[in-house]
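Enquirer: These are the residues of each chain, in order.
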Amino acid sequence: MEIRWDILAEYAPFFAKGTLLTIGLSVVSIIIGCILGLFIGLGKMSKNKWIALPFNIYVTFFRGTPLLVQILLVHFGLVPLLLGETNGITAAITALSLNSAAYVSEIFRAGIQSIDKGQMEAARSLGMNHQQAMRLVILPQAFKRMIPPLGNEFIVLIKDTSLVAGIAVKELLYWGQALQGQYYRVWEPYLTAALIYLVITFSLSLLLSKLERRLTTE
Amino acid sequence: MIEVQNLKKTFGKNEVLKKINVTIKPQEVVVVIGPSGSGKSTFLRCINLLETITDGRVLIEGVDITDKKTDINKIRTEVGMVFQQFNLFPHKTVLQNIMLAPMKVRKISEEKARAKGVELLAKVGLADKADAYPDSLSGGQKQRVAIARALAMEPKIMLFDEPTSALDPEMVGEVLEVMKQLAKEGMTMVVVTHEMGFAREVGDRVLFMDGGVIVEENVPKELFERPKEERTQAFLSKVL
Numbered sequence: 001m002e003i004r005w006d007i008l009a010e011y012a013p014f015f016a017k018g019t020l021l022t023i024g025l026s027v028v029s030i031i032i033g034c035i036l037g038l039f040i041g042l043g044k045m046s047k048n049k050w051i052a053l054p055f056n057i058y059v060t061f062f063r064g065t066p067l068l069v070q071i072l073l074v075h076f077g078l079v080p081l082l083l084g085e086t087n088g089i090t091a092a093i094t095a096l097s098l099n100s101a102a103y104v105s106e107i108f109r110a111g112i113q114s115i116d117k118g119q120m121e122a123a124r125s126l127g128m129n130h131q132q133a134m135r136l137v138i139l140p141q142a143f144k145r146m147i148p149p150l151g152n153e154f155i156v157l158i159k160d161t162s163l164v165a166g167i168a169v170k171e172l173l174y175w176g177q178a179l180q181g182q183y184y185r186v187w188e189p190y191l192t193a194a195l196i197y198l199v200i201t202f203s204l205s206l207l208l209s210k211l212e213r214r215l216t217t218e
Numbered sequence: 219m220i221e222v223q224n225l226k227k228t229f230g231k232n233e234v235l236k237k238i239n240v241t242i243k244p245q246e247v248v249v250v251i252g253p254s255g256s257g258k259s260t261f262l263r264c265i266n267l268l269e270t271i272t273d274g275r276v277l278i279e280g281v282d283i284t285d286k287k288t289d290i291n292k293i294r295t296e297v298g299m300v301f302q303q304f305n306l307f308p309h310k311t312v313l314q315n316i317m318l319a320p321m322k323v324r325k326i327s328e329e330k331a332r333a334k335g336v337e338l339l340a341k342v343g344l345a346d347k348a349d350a351y352p353d354s355l356s357g358g359q360k361q362r363v364a365i366a367r368a369l370a371m372e373p374k375i376m377l378f379d380e381p382t383s384a385l386d387p388e389m390v391g392e393v394l395e396v397m398k399q400l401a402k403e404g405m406t407m408v409v410v411t412h413e414m415g416f417a418r419e420v421g422d423r424v425l426f427m428d429g430g431v432i433v434e435e436n437v438p439k440e441l442f443e444r445p446k447e448e449r450t451q452a453f454l455s456k457v458l
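Those protein sequence lines, which keep their order, are chains U and X.
Numbering of the first sequence is given in the numbering used here, commencing with residue 1 and proceeding in unit increments.
Numbering of the second sequence is given in the numbering used here, commencing with residue 219 and proceeding in unit increments.
Okay, chain U solo, but in the shape it has when bound (with noise of 0.2 angstroms):
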């Protein structure tokens, strides 16, 4: 096997701009995932079990379906029917961001759940209202057990966005299949793609791992 740096350096310029790409459409679905995630996560544990249904269909929903299927929808259904026409990437953000707040959620919600009751009683037996004692007591806590499962989301979801190539969004592997389709060549896009990838998650655990350990109480 003969690697053609040639035809590498040819492309440098899009796998640069396809890592961008895959770097904001992370981003953006993880900021949005998140704030979904936590709405979701909070309607679920609603006592009230109207509330609590329609919250528990939404990630029944999107943890049961392949999210391929779930990109396919929104690109080709559900974009258009509110749009008129299809965006690639507004799809991508939408059923990225949609995927990953069914996964967030079950993390904020098994996070607070995770909290001995006694810290709520004891803030409530300061006479802290409900809101007071999840913004000063159960998130602080809540929070720092959710950065490990949050952080795998978070390298689940960077990976995933691969998947945004068959709608023909131009992040990383849209330009390792193009390099392919040109040159016939397989061994230099994949595992350059997967190369960048794989910088980009291991940055993140790294990443996590010193949120992790700064946030330790001892």
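Just so you know, not all the hints are guaranteed correct.
Covered stretches of chain U, going by a simulated chain X footprint (3 or more residues, C-beta under 8 angstroms) [as the list claims (entries may be wrong)]:
(1) 38-52
(2) 77-85
Label pairs and their calculated CB-CB ranges [said to hold, decoys possible]:
(3) X:GLU372 / U:PHE143: 29 to 37 angstroms
(4) U:PHE143 / X:THR272: 31 to 39 angstroms
(5) U:GLY64 / X:GLY280: 49 to 57 angstroms
(6) X:THR241 / U:PHE61: 54 to 62 angstroms
(7) U:ALA52 / X:THR241: 41 to 49 angstroms
(8) X:GLN399 / U:ASN129: 29 to 37 angstroms
(9) U:ILE35 / X:THR288: 31 to 39 angstroms
(10) X:SER254 / U:LEU198: 50 to 58 angstroms
(11) X:LYS286 / U:LEU198: 55 to 63 angstroms
(12) U:ALA9 / X:ALA350: 54 to 62 angstroms
(13) U:ALA194 / X:ALA350: 26 to 34 angstroms
(14) X:ASP273 / U:THR65: 45 to 53 angstroms
FYI, nobody ran anything at the bench for these hints, they're computed from the structure.
Glycine included, each C-beta is placed from N, C-alpha and C at the ideal position.
Following the hints, position chain X against chain U.
Expert: Relative to chain U, chain X alone:
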């Protein structure tokens, strides 16, 4: 100061409290004893509505806390609670644990809260632990911090839910000592405990609970030396 009228509490079909009637006067120290499952902790937790009340009324300084219009958060600022498992906030230092509620609920300034916190830590003998995290303290120290945290709200009533039951034996004394001091200063206290020595020495009145009712109540000396009810006698013969 506290009036409990026909208090009933059920968990599903399980009747935990059956028609409890008690009146507690200002500055009185009432000790509640009884076998586990007798409902004594539930009774205590009903006084600041940590348990919802199934039926009956609880009045704190004349205010009916079962009334939906009552602001329970306001009532709870007047009723401090100390838990068996301490329930300190692990993400905050000892001093921050004490300062949190006065600042966020009573809205006092940070300096005042800090001064109050330092004063209370000195009172419970832990002035040097202000910046430590709860995880680094022993059980007895944790419980003394928990008492200081409750006192920081300047409550009129203090509730103690088995405050020494989770402690190693050699640490029980230091916590009871703080509670004795508090009683001496005239705090109204309701204490659920298995420490019969404390009940006898500090209690103005002892309630013996069993099966969700108050079987017998009396001044400690009488109740311990001449229990009238058979169930009280049986219980005391096992624990004394």
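Enquirer: Does each hint fit the structure? Answer for all of them.
Expert: Hints versus structure:
no.: 1; hint: 38-52; verdict: violated (count 0)
no.: 2; hint: 77-85; verdict: violated (count 0)
no.: 3; hint: X:GLU372 / U:PHE143: 29 to 37 angstroms; verdict: holds, 31 angstroms
no.: 4; hint: U:PHE143 / X:THR272: 31 to 39 angstroms; verdict: holds, 36 angstroms
no.: 5; hint: U:GLY64 / X:GLY280: 49 to 57 angstroms; verdict: holds, 56 angstroms
no.: 6; hint: X:THR241 / U:PHE61: 54 to 62 angstroms; verdict: holds, 57 angstroms
no.: 7; hint: U:ALA52 / X:THR241: 41 to 49 angstroms; verdict: holds, 42 angstroms
no.: 8; hint: X:GLN399 / U:ASN129: 29 to 37 angstroms; verdict: holds, 31 angstroms
no.: 9; hint: U:ILE35 / X:THR288: 31 to 39 angstroms; verdict: holds, 36 angstroms
no.: 10; hint: X:SER254 / U:LEU198: 50 to 58 angstroms; verdict: holds, 57 angstroms
no.: 11; hint: X:LYS286 / U:LEU198: 55 to 63 angstroms; verdict: holds, 59 angstroms
no.: 12; hint: U:ALA9 / X:ALA350: 54 to 62 angstroms; verdict: holds, 59 angstroms
no.: 13; hint: U:ALA194 / X:ALA350: 26 to 34 angstroms; verdict: violated, 48 angstroms
no.: 14; hint: X:ASP273 / U:THR65: 45 to 53 angstroms; verdict: holds, 49 angstroms
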